[in-house]
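J.: Listed here are the chains, written in short residue letters.
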Amino acid sequence: MSDTMRVGVFVCHCGTNIGGIVNVPQVVDYARTLPCVACAEGSLYTCSEDGLSTIANKIKELRLNRVVVASCTPRTHETLFRKNCERAGLNKYLFEFVNLREHCSWVHMNKPEQATLKAMDLVRMGVAKVSLLKPRDDLSTAVLQAALVLGGGISGLSSALVLANQGYRVELVEKNEELGGLLRFVNRVFPSHRRTTDLLDPLVEAVLKHPNIRVHLGAELKAVKGFVGNFTAAIQERGESRDLNVGTIIVAVGAQVHKPEDAFGYGRFDNVMTQLDFEGRCGGYDTFNRVVMISCVGARNEDRSYCGRFCCIVALKNALLVKEANPRAHVTILHRDVMAVGKLYEDYYRQALEKGVTFVRFDKSNPPEVKGAGGRAEKVRVKDTLMGREIELEADLVLLTTPLVPAEDNGVLSQMMKVPLGMDGFFLEAHQKLRPVEFPADGIYVAGCARYPAEISESIAQALAAAAKAAVPMAMGRVVTDAFVAEIDPAQCSACGRCVTVCPFGAVDWSEAGAPDHGEKSVAAVNPAECKGCGLCAASCLSGAIRLSGFTDEQILAMIGNQR
Amino acid sequence: MNQKAVLVLGGGIAGIQASIDLGNMGARVYLVEKKPSIGGRMAQLDKTFPTNDCAMCILAPKMIECANHENITLLTYSELVEIHGETGRFKARIMKKARFVEEDKCVGCGDCAEKCPTKVADEFNAGLGQRKAIYKYFPQAVPSTYVIDPDHCRLFHGKKCGVCEKICKAKAVNYGQKDREIVLDVGAVIMATGFDLYDVSGLSEYGWGKIKNVLTAMQFERMICASGPTMGHLKRPSDGKEPKTMAFIQCVGSRDVRHKKYCSAVCCMHATKEAILAHEHYPELSSTIFYMDMRAVGKGFQDYIERAKTEYAVEYVRARPGRITENEENLNPVIHYEDTNTRELKAREFDMVILSQALMPSESNAAVAEKIGVSLDDCGFVSPSQDFLNPFATDRRGVFACGFCQSPMDVPDSVVRASAAASKAAEALATR
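Line order of the protein sequences matches chains C and P. Read left to right, the first sequence gives residues 0 to 563 (numbering that gives the first Met the number 0). Read left to right, the second sequence gives residues 0 to 431 (numbering that gives the first Met the number 0).
Please keep in mind that the hints were generated in silico from the structure rather than gathered at the bench. All C-beta atoms in this analysis are idealised placements derived from N, C-alpha and C, irrespective of residue type, glycine included. Don't take every hint at face value.
Unchecked claim - Here are the simulated lysine-lysine pairs, DSS-like style, with alpha carbons at most 25 Å apart:
1) P/33 x P/104
2) P/308 x C/382
3) P/308 x C/363
4) C/59 x P/168
5) C/378 x C/258
6) C/382 x P/345
7) P/104 x P/177
8) P/209 x P/240
9) C/59 x P/104
10) P/260 x C/322
11) P/177 x P/90
12) C/59 x P/170
13) C/82 x P/104
14) C/354 x P/260
15) P/118 x P/170
16) P/211 x P/243
Said to hold, decoys possible - To be clear about the criterion: a stretch of chain C counts as covered by chain P if any three or more of its residues have a C-beta under 8 Å from a C-beta of chain P, and this derived list gives those stretches:
17) 335-347
18) 373-387
Chain P on its own, in the form it takes in the complex (with noise of 0.2 Å):
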């Protein structure tokens, strides 16, 4: 497979998977990622489900040998401008945008973000936390390069600063950098573009956004990582005071014909993950999951499941809540519902909810599929193989697809996917 090349689209864990087995095998990948770090998603999660491995323990690796091996180029902030051609022969158009950070010069010492004096609500924790305009994506990030945002920063809204090209003792700040082209020849393309999370605002009858001790999944997710905004302390946005009730509300925007129709796979793990989580850290902590169906179908989650009950104070209560509410004097949240197996209306405050909110094909994922010329479902996931044997071909040939833009998968079909989706382009390449 020498001289061959792959052009991978996305840096998540599918994407980096799909790029360290093709590498492996002697072809030359090229990874694009829009953000300025690989890990995509997962790289937010504190733990994982059913083993409770820290996410970033072993994602962290697979990031760094993806950025040293010898036949992967990492093209990090950088997005897909178009792309022509066939198996075999594609040209690809890569638009590496400016991080006004020299890549070779910055060690990541982080003593411009120290004295930058402006603040963000940052991205990555879920909008939980606060970064600078001169920035790490975050602390394990590959590369560790620092960019600035310069929708934020003083000096590019004409304002006098200069402190990060003054304080940078690598002489790395360079606030003249361009956005550079990136002409790549490659064989075969496979598309990982992953998940975006669903605004859940708009189910208003969940409050999200108004009633403070209401949180999503993922901003449970940064609370309770020890890298992450409250250092793994879980606080109730409100006061500040630890929970000692909590409450999950699973399919918020999923399973809803009004917003997502479709099952978004994880949640009902995640949620039991998050609630023995939690239960870890502050053993007097109790949850309840509020389900339509528990949907655990991966090899040990039923064990999971029944641990959660037994050793974590995990209660599952079947109901699909029709509201929460705030208590005014205690801002605690109050949820509503009917449990289908009692058939009772009640309505039970807990310190902190938190909602299991749909997750969507990424963003990006129709511009992306718009320019490759692949199609989308009705749901903006890529749509499904035509060819029985081969679940990752997509309807352009030498064009794949792995991951969640194919269908809402978690991490261990995701690694598998990009395995195969690997396996078809290496076979791609081979049999031209």
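So here's chain C without its partners, still in its complex pose (with noise of 0.2 Å):
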């Protein structure tokens, strides 16, 4: 490094998050007084314009050739300072972050003195790293102007049209023989009441004739290799296999129907079934008169704590049809709370009580009995809570309202194309409110039943907002990531293959050309864009070969030779 270092040092109060345990100006003062730091400051919010502006001020003015900044943590600010840092004209890899928010003043609330030691201490560690940064460029890739998307139900079509009207190809992959998912077996929506198939089919003939988009039906996904802009997919389409070369995929697999075995006479009495089994038998509305629904069967309880998000709006749909079919029948929905969230749904709440829906609230811990005899529900006896005594309703039809589950595959998709899902196993989004419908890995989205229940406007809203974002890189035809990534030095590699198996994406391989000294055999070799510059390969090598710039052991060790 022919050029003096000058190291610029900022640090953030977050407000009070870290302002008020750690002694910030104390921090600022002693970071002055640290090896080539040639300015410190302090400021409340470091990530406002302000903060911004200053630090881009004084690299301009001191000539800054390193930034370091303390303050909260870099997976939401990181990129946010270094491209500030780029535009002040410092190559932004010559940043360095500081986290004393979660890695200190959070964890350390009661202790502010020490609190404020520590903070100097990490201070003094990020001077010391940044010092032996090097200037990097990004990478950059080409995107394929395509994507596959995997699901034919409302959200995988709605994705699938989307994108073929703005010019992208899409192969469109469906395991079942008929394009529709779910939907297929509804038949009205709420709260139009119109048929599904009314408004199903255009979609589904919009779908197929469309030249830009390649339907596979009876077809599997085998194997997703790649990354962002260049995926391959590999599938079985009836029996023949095929690869279809793609730059972005969204997984809207759907969910599936909660059959809710045993519980209040299911699969015992003929006449107790599921909101689905009722709307599978297209019609009927006028055939009972005695009709009781429960709610919540088989969610928010120990085994399912989540709500089904638009299970009771099913049920308030069933029982307009039945009211408006046949208007003296008896129609009681047994609940524990009505989800009628919004303005729409809290219409059509008020309008399931004018027409003279009964609501009856139960407990979780006392749950309604179904009593019948040969073969048939008769009677339905609950505790209502409002009315503090059990009551009993006779039925000649008991609906039981559940919530959709996860679809039994999401376990072998999410291993195959290495996105997350949650303890519930829905898919796992990556962020639940900001990034509702991306994955942690670039290029896959995800939206609809797969990633939690959701109704029909919201599926086709999560299938619009993912196919945004796959737009986004094939409109680019490039993506250009982080320079932060594994390398291999083949002279050092022993070729034991541990990086290859411990790699989650997939970005370590054998390498073709074999390594001078190792004569024909061959060595690994990672592919920069697919790493995602874990260090899990750079942990695990024996040899010592593998370096992780940003991280590479000279820096890791300057840092823990600063400490105290």
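Starting from the two chains in their separate frames, assemble the complex, guided by the hints.
T.: Structure below.
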């Protein structure tokens, strides 16, 4: 490093998150005493426009060639600060992030003095490391203008059509022989009560005849290789294997209906069925006089803690359809809470009340009991919490309102694509609030009931949102990724294969060209476009052949050496 | 999508997300926000359910991404005047209101506000704190430019002052600045006008505005926020003491045909979050939530409620309280209610009561909708789309809606719908 090292250190109060515990001015004063530090500043919010322009101005004014920000977490803010350095003319790889919030103030809330000492240590370590960083260039890869959409239900169809209309090629893979998904079994939709087929058929037709969409029916995904911009998906289509080359993937595999075996006489009494079983009969709304519906069957309990989101609305729909067909029918909904969220559904709930649907609230600890004889349910007993006593309702039909549950092959698919599943078995998005249709892996997105039960309009919304995310790299034609990747020195590789096995992203593989010292023997190599820089390979390498840029031994040892 | 432009109305999380997605797809975006900063309602929140992420910590990077995006032009403190045309060929006139501070000169140092002699109730802090007549909308505002509020500035009332102009080292203050009109050519429009808070002083039975220790949920959010008027400390307005017991009343103005007949969709969860946060700040504090239906329908929401019960001393009572009175000695609010599970009439005293007030379409929504020619439903939300496959269509072609202006919804739903509306706008530009 011929140029003199001039480090700028910027310490954030993060409101009171850091400043309320750590003595920030003291940390700033301390930073000024460290070797090569040209300036140190504190700020209430370093991520605010003020804070960012202070950094940019100091870079220009003092010709800083290294920057350390000590603030919150790199998870949310590292990209922002790096970009800011870049805009001010500093290579963004000459930046180091020190986490004073999660790693210091939040965990040492009750020991402000020691937290301040630790903050000084962390800043000193950051300064020690930043001096050893080297400028690098981002990695850039081309993106195929084609998307793979997994699942031909309402979500997959919606994603496929909007992408195709924007000019992208779409490969739509559906494991059944027909498009339409679960909606095929739904008779009418809420709250319009229009026939599902009237709405679904035109969509299916538009997808089938769209010149940019290729539909693969009876097809299953067998393997996925590659990375954003260039995936190869191996599918088995009606017995034949074929490879699809795409730039992005949307996972819209849907969910399945919960079959409440043995609960409330299901399977024992002919006239106890799920809402979807009932809809499958396509009509017959006027053939029942005393209908009792039980909500939260298999939901909001010890086995399955979540709420099915729209099951209450399905119950309202079928209750209204029965009342419309036969106004004299008695329809009672036994519920624990009526989940009619928002404007449309609250109106719908009120409509059901006005039409004379009866609502009875029960407690989870005291569930209803279905009684019957000769294979038919006859009565439902329940403790009405509002009246404070047991009531008995006659029933010629008992409908169980059940939630959607994760599709069976979610586990296999998640491993195949290396995207996570949540504890509940649904696909887990990158961030629940702000990245609800993305995965941590680039180029793969999720929509609809694959993620969590979603009603039709919500499924369409997520499908279109996922399409918007998938369109971004395809519209740009290239993706630019950070150069924090592992590199293998072929001369030192002993070809043990540990790194190949351990890489969760499939980025390490055997190299075609053997290293000079190894004769014809193959060695391991990293595909930088697939590497996420997690460092597992570097940690597992017994020969010390793998370096992770931005986290080299030299840099880490400098940090450790600078601890007290 | 080069050369094609989209007008996004509203700079809350929905408008921000739609703008970023369209910008990333290569469209030119004009983001119009009536307030001095983008950020919207989410910027006012302390943390977000069910992950307890700090709202500002996840929002600020998006605001800055928006501001720095090469394809996005921010037009803050601006309003739509009129719009003509059709898909692919709209002409919109935007009024950029005078800030009396030059955007390109102001560095956001705050010297002006420090010296300004006039104090005004702070709208951003839900009226709890005070700001000056020259002010930054909130500490992380984007842009960080200050603005003079001419309704309260002494100089604009013919009094002698001019302190801010004298103190400003950047020479950014310009009392002569005029409103400016901008004409934009755009191919599509996205409405993301968001929501306002329903005025709960109309519900006299709950005594808000009269009983000092009764606050709204938004006031609570500002109070528990580290950058709020009390620096994150809970203080009873009557005596400044830390509350030990708190109550939340749900559906205040919501699900009530006398006020707003709809369910505001987010209150069950934000009350639960607020009770959790209060307990995190003060482990001896316990909360009681009075509710009608606990509508926790989103991903992870039920688990959040269970955690509130078991780990954060939150009690849920099914009741719609009839009245709040005040204990004249200690100024504690007293809630009168019938517990519908035990069918008993009760009166319980709390140190502080929080009203989960109804949320309603933004007050400017009706005017904006009229200018664009988009119809509204009986509650002022954008009329539901008639197109089954496009829940974001309005009755004017080329104009899409997303977020709270369509129906009450939370942040993840708004974010999803913003991206979805961006998708439809991109499709409209591509297939025209």
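J.: Within a Cα-Cα threshold of 25 Å, do residue 82 of chain C and residue 104 of chain P meet the stated pairing?
T.: Holds, because 23 Å separates the two Cα atoms, which is no more than 25 Å.
J.: Can you confirm whether the C-alpha distance between residue 118 of chain P and residue 170 of chain P stays at or below 25 Å?
T.: holds, 23 Å
J.: Given the hinted pair residue 209 of chain P and residue 240 of chain P, is their Cα-Cα distance within 25 Å?
T.: holds, 18 Å
J.: Keeping to a limit of 25 Å between CA atoms, is the pair of residue 59 of chain C and residue 170 of chain P held or broken?
T.: holds, 22 Å
J.: Does residue 177 of chain P lie within 25 Å of residue 104 of chain P when you go C-alpha to C-alpha?
T.: Holds. Residue 104 of chain P to residue 177 of chain P sits at ~16 Å (cutoff 25 Å).
J.: Check whether the Cα positions of residue 177 of chain P and residue 90 of chain P lie no farther apart than 25 Å.
T.: OK: residue 177 of chain P and residue 90 of chain P at ~22 Å, within 25 Å.
J.: Is the straight-line distance between the alpha-carbon of residue 59 of chain C and that of residue 104 of chain P 25 Å or less?
T.: It holds: about 18 Å lies between the C-alpha atoms, which stays within 25 Å.
J.: So if I understand the rule, the pair passes when the alpha-carbon distance is 25 Å or less; does residue 308 of chain P with residue 382 of chain C pass?
T.: holds, 24 Å
J.: Is the straight-line distance between the alpha-carbon of residue 33 of chain P and that of residue 104 of chain P 25 Å or less?
T.: holds, 21 Å
J.: Decide if the proposed pair is consistent with the structure: residue 308 of chain P and residue 363 of chain C, CA atoms, cutoff 25 Å inclusive.
T.: Holds, because 15 Å separates the two Cα atoms, which is no more than 25 Å.
J.: Quick check: the stretch 335-347 of chain C, covered by chain P? Criterion 3+ residues, Cβ under 8 Å.
T.: holds (count 11)
J.: With the threshold set at 25 Å, check whether the alpha-carbon distance from residue 211 of chain P to residue 243 of chain P stays at or below it.
T.: holds, 16 Å
Checked against the numbered hints above, the structure violates none of them.
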